[in-house]
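Chemist: Okay, here's what each chain looks like letter by letter:
2 protein chains.
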Amino acid sequence: MDDRSKVLKFRSFVWDGVSVRAYKTEGVPYKGVTRQTLLGEAAGEEPFTFLTRYFEIEPGGYSTLERHEHPHAVVVIRGRGRVTLGEKMFDIAPFDCVYVSPGVTHQFRATGEEPLGFLCTVDRVRDRPEVVS
Amino acid sequence: MDDRSKVLKFRSFVWDGVSVRAYKTEGVPYKGVTRQTLLGEAAGEEPFTFLTRYFEIEPGGYSTLERHEHPHAVVVIRGRGRVTLGEKMFDIAPFDCVYVSPGVTHQFRATGEEPLGFLCTVDRVRDRPEVVS
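Chains A and B supply the protein sequences, listed in that same order.
Per the working numbering, residue 277 is the first one in the first sequence, and the count goes up by one each step.
Per the working numbering, residue 277 is the first one in the second sequence, and the count goes up by one each step.
Hints are computed from structural coordinates only; laboratory data are not their basis.
Don't take each hint at face value.
Each pair may be met inside one copy or between any two copies, as identical chains are not told apart.
[Claimed, not checked] Below are the DSSO-like pairs computed for lysine-lysine, each with C-alpha atoms no more than 27 angstroms apart in a straight line:
id, residue 1, residue 2
1, Lys307, Lys364
2, Lys300, Lys364
3, Lys364, Lys285
4, Lys307, Lys282
5, Lys282, Lys364
Given the structure is predicted, the values throughout are model-derived calculations rather than measurements.
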């Protein structure tokens, strides 16, 4: 057994050993979003079939309006926001959970005075998002 | 497209529409632990290949000392605790992340004055834990 177990210590919404990255690299619409992969991509974490990511959206920012076939499991951990799910909108706050079901157009917005931060778990192998304009 | 997207509102560590259940049903050692499956088991959530669960351990309580081949992705969201990972122990606090790699014996304990609460994501299809005594 190769014990690669570990604890990633939290330091005010960054985590030891985890890089803060740009949300997207393509030229698609979004504003003020960063991403960190907390679990699933580091050396020794290959047994995960899913990735746990943390997204943070600055006040007034928003993620890309998009859809894809893989589902999202989201748990808010910071701030206030609004999520678009198809034709509906919901206000979200810490520890609210969001299920984005396959093919549903979705977008997250930060609506409070502090950043909106949420965990988002996805399959490691998944389809690429399609931008909705 | 069958839009089953939704938001589960948080109400002080219970969530609308989610049942608080016993941690284990077998006669194995543990103390003061409950579980809730937040995402992955409800109707319409079949697209998830993984489950997002919330475990809560009351002060002085602990989970079963066990091991299994499926990995755990844990994010603490409440309280203080200590996790055993093989031969090592780590103190954990809100938003610390824990990777429990395959086959590693592990146990969570609540060490503070409020309950220890953590999210734990696992594969939907997984092996059964083996109790370590």
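Chemist: If a hint holds in the structure, say so; if it doesn't, say that too.
Modeler: Quick rundown of the hints versus the structure:
{"no.": "1", "hint": "Lys307 x Lys364", "result": "within (21 angstroms within a copy, 42 angstroms between copies)"}
{"no.": "2", "hint": "Lys300 x Lys364", "result": "within (25 angstroms within a copy, 37 angstroms between copies)"}
{"no.": "3", "hint": "Lys364 x Lys285", "result": "between (36 angstroms within a copy, 15 angstroms between copies)"}
{"no.": "4", "hint": "Lys307 x Lys282", "result": "between (33 angstroms within a copy, 24 angstroms between copies)"}
{"no.": "5", "hint": "Lys282 x Lys364", "result": "between (39 angstroms within a copy, 9 angstroms between copies)"}
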